[in-house]
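Student: Sequence:
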Amino acid sequence: MSLAASYCVICCRRIGTFVPRSKSHTSWRNIRNIVRFTGSLIVGGSLFITYQVLALKKSLTLDTQVVEREKMKSYIYVHKALVDSLDNHGIVWQARKELHRAVRKVLAAAAKVLRSPFADYQYRIIAQACDPRTLIGLARSKESDLRFFLPPPPLPSLKEDSSTEEEFGHLLASLPQTELDECLQYFTSLALSESSQSLAAQKGGLWCFGGNGLPYAESFGETPSATVEMLSLEAIVKHSEIPSHCDYIEAGGGLQLLQRLYQLHKDCPKIQRSVLRIIGNMALNEHLHPAIVHSGWVSLLAEALKSCHIMEASHAARTLANLDRETVSEKYQDGVYVLHPQCRTSQPIKADVLFIHGLMGAAFKTWRQHDSQRALTENALVDEDSYTTCWPKTWLAKDCPALRIISVEYDTSLSDWRARCPMERKSIAFRSNELLSKLRAAGVGERPVIWVSHSMGGLLVKKMLLEASQKPELSALINNTRGIIFYSVPHHGSRLAEYSVNIRYLLFPSLEVKELSKDSPALKMLQDEFLELVKDKDLQVLNFVETQPTFIGSMIKLQVVPVESADLGIGDLIPVDVNHLNICKPKTKDAFLYQRTLQFICETLARDLEN
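Numbering-wise (full-length UniProt numbering), the sequence shown opens with residue 1 and increments by one.
Don't read these hints as lab results, they were simulated from the structure.
Treat the hints with care, since some could be wrong.
Unchecked claim - Straight-line Cα separation of at most 25 Å, SDA-like style, residue types lysine to any residue; simulated pairs: (1) K587 to Q559; (2) K331 to D608; (3) K438 to D247; (4) K142 to R431; (5) K537 to Q599; (6) K518 to E467; (7) K306 to S329; (8) K537 to R440; (9) K471 to Q333; (10) K471 to L526; (11) K270 to L158; (12) K589 to A351; (13) K589 to P290; (14) K331 to E250; (15) K270 to H287; (16) K365 to A591; (17) K557 to E532; (18) K589 to C308; (19) K350 to V338; (20) K365 to S386; (21) K365 to T547; (22) K270 to Q347; (23) K518 to L466; (24) K266 to R147; (25) K331 to Y248; (26) K365 to C308; (27) K471 to G443; (28) K142 to H309; (29) K306 to Y387; (30) K270 to H309; (31) K331 to I478; (32) K365 to V576; (33) K438 to N479; (34) K365 to M230; (35) K266 to S307; (36) K331 to K426; (37) K535 to Q559; (38) K537 to R431.
The model shown is predicted, which means the values in this text are computed figures rather than measured ones.
Based on the sequences and whatever the hints tell you, model everything.
Tutor: Following this line, the structure appears as structure tokens:
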């Protein structure tokens, strides 16, 4: 480059000092000199530009070996010699333990970063850059800010002269009519018939022979559209339990329609819980995860997970756990709810505690605090933390953070007349197989287990353990069962079955009630076989029993489970001065009922929690 520049300077000087000879020679010589100067300038400039381009390219070229070295630093390594030696001794799990410890450190560091304050624009940048897996991980992180999530995309407009109720009817009618049991057929036909009648009433009325039927419909005390929406949701909940039907729900715009209903009824927890049940069932199908994420459900679930209402948070936690395939290998089917931990955590989980409710119970309301304490709290205007709607979630999770706490829900009724599905006839044997399948999918049996049961739920636990003891694939569940707590379980039958009289609640006793008949041969066989199993496996048992009568409706007052019926014949039997409904509802955290339960769990799992 310096030579080219020197040559250009010499040429310019020669032009400036040149003495012209004649006019013609001068003009041609000047032209040649100009051409020489211009050519030299072009050549020199080209060489200069080429040099700069090559230098810039060299400075921007990445050393792939350096990149790979930096990438490898983000991996977590376990020494091969250590793994080989452990493998030779048959204890590779210790290497996995070291790996999990390192992963927990990384997660703790990431959580610390997420707790750091960001500017609003930084939250938006992160939200836009998140891929689905990162988004789900953030939603399941306890400390994550809701600003990490973009709002759901705008919902498509409803068709002209259409309503949400009508769209639900179309969606329900488009679902397959195959693989339907009697209950699903019942809910579907009921929802479709009620929908057509409600729409007819709103659009002119067929119920009043030509007039507007809406006032007549509203006279029943409920808005028809709200009633029909609940019936349609009940039917779609049942459909969503069938994997192939979930594809039809998604293809028919169900994710957007459910989101519209969820946002319209923020003041109706029952509708919101039903919607979340459907999304949770759909999340069991991994090929539907992209559609669920892209429809904006993750941001709504992240918000619901932070709700102060335990039921709403637990429904959201179940759905997010089913979406999270990076840190969760289990799948939580309909009716199986994780009360703790509901978020990603660095706390190692060492054992499971399962709660199984009884007749007319539920996964949450059965395990609430004693209602009289709630009345005292409300009257005294004490902080809401003084009362819990689910003591396993609020109290036990804090006292034993190394436990995974699961609550199971299934439909029961005292009478076929009041059953949600009149065709449903599910025996204890049928329900035990159904629940065993769901619990196996949730990974129950892979860790030490304690069962906590109330009323008929205790009979279910006994039947499940007997069934598992006869199936080789469920041997781990039996071997890992450490103990069982029975709250007023009618091991020898209940007086409830004796009161099949003409009253509102027991007009047509349900199959569940009939199976509780005192001195039933089936109950006696279940009792004898279970006692053998308990003694053979050296299981720990704790029994509580009520001593106060319980009101059944307004006409019957009886002790549902007498002391002699609650006596399993093994383990402590502790009478408690409460009725059948409150035997599993401690008055306070310091009450004997909770403290004795906690003591049993801690003592039975002592070795497992120490390891």
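Student: Hint by hint, note whether the structure agrees.
Tutor: Verification of the supplied hints:
Restraint check: the Cα-Cα separation between K587 and Q559 comes to about 20 Å, which is no more than 25 Å; the hinted pair holds. Our distance criterion of 25 Å between C-alpha atoms is met by K331 and D608, whose separation comes to about 24 Å. Proximity of K438 to D247 is assessed by CA-CA distance (about 21 Å); at most 25 Å being required, the pair is judged to hold. Annotation: proposed proximity of K142 to R431 is violated, straight-line Cα distance about 35 Å (limit 25 Å).
About 21 Å separates the Cα atoms of K537 and Q599, which keeps this hinted pair within 25 Å; it holds. Note on K518 and E467: the hinted pairing holds, with a Cα-Cα distance of about 23 Å set against a maximum of 25 Å. For a cut-off of 25 Å, the pair hint linking K306 to S329 stands: about 23 Å separates their Cα positions. About 20 Å separates the Cα atoms of K537 and R440, which keeps this hinted pair within 25 Å; it holds.
Simply put, K471 and Q333 have alpha-carbon atoms about 21 Å apart, close enough for the 25 Å limit, and the pair holds. The hinted pair formed by K471 and L526 meets the criterion: a straight-line CA distance of about 17 Å does not exceed 25 Å. For the given pair, K270 sits about 24 Å from L158 by alpha-carbon distance, which is consistent with the 25 Å threshold. For the suggested pair K589 and A351, the alpha carbons sit about 22 Å apart, so the restraint of at most 25 Å is met.
Between K589 and P290 the alpha-carbon distance is near 43 Å, which puts this suggested pair outside the 25 Å criterion. Using a Cα cut-off of 25 Å, the hinted pair K331 and E250 holds, with the two alpha carbons roughly 20 Å apart. At most 25 Å may separate the alpha-carbon atoms for a hinted pair to count; K270 and H287 exceed this at roughly 28 Å. A threshold of 25 Å between alpha carbons decides the hint, and for K365 with A591 the separation of about 19 Å falls inside it, so the pair holds.
Pair hint K557 plus E532 does not hold up; C-alpha atoms about 35 Å apart against a cutoff of 25 Å. Of the supplied pair hints, the one linking K589 and C308 holds, its CA atoms being roughly 19 Å apart against a limit of 25 Å. Note on K350 and V338: the hinted pairing holds, with a Cα-Cα distance of about 15 Å set against a maximum of 25 Å. The suggested pairing of K365 with S386 holds, with an alpha-carbon distance near 17 Å, which does not exceed 25 Å.
Of the pairs offered as hints, the one joining K365 and T547 holds, with about 22 Å between alpha carbons and a cut-off of 25 Å not exceeded. For the hint pairing K270 with Q347, the CA-to-CA distance comes to about 33 Å; that exceeds 25 Å, so the pair is violated. A C-alpha spacing of about 21 Å is found between K518 and L466, which places the hinted pair at or below 25 Å, so the restraint holds. Restraint check for K266 and R147: the C-alpha separation of about 20 Å stays at or below 25 Å, so the hint holds.
In summary, the hint linking K331 to Y248 is supported, as the alpha carbons are separated by about 21 Å, within the 25 Å threshold. Simply put, K365 and C308 have alpha-carbon atoms about 15 Å apart, close enough for the 25 Å limit, and the pair holds. Among the hinted pairs, K471 with G443 is consistent with the structure: their alpha-carbon atoms are about 16 Å apart, no more than 25 Å. For the suggested pair K142 and H309, the alpha carbons sit about 16 Å apart, so the restraint of at most 25 Å is met.
For a cut-off of 25 Å, the pair hint linking K306 to Y387 stands: about 18 Å separates their Cα positions. A hinted pair counts as satisfied when its Cα atoms are at most 25 Å apart, and K270 with H309 qualifies at roughly 12 Å. Under the criterion of a C-alpha separation no larger than 25 Å, the hint pairing K331 with I478 is consistent with the structure, at around 20 Å. A distance of roughly 20 Å separates the Cα atoms of K365 and V576; the hinted pair therefore holds under the 25 Å criterion.
Proposed proximity of K438 and N479 is supported: the alpha carbons are some 19 Å apart, at most 25 Å. Of the pairs offered as hints, the one joining K365 and M230 holds, with about 21 Å between alpha carbons and a cut-off of 25 Å not exceeded. Annotation: proposed proximity of K266 to S307 holds, straight-line Cα distance about 12 Å (limit 25 Å). Pair hint K331 plus K426 holds up; C-alpha atoms about 24 Å apart against a cutoff of 25 Å.
With a C-alpha separation of about 29 Å, the suggested pairing of K535 with Q559 is violated against the 25 Å cut-off. Taken as a hint, the K537 and R431 pair is honoured in the structure, with Cα atoms around 24 Å apart against an allowance of 25 Å.
Hints 4, 13, 15, 17, 22, 37, counting from the list given before, are not met by this structure.
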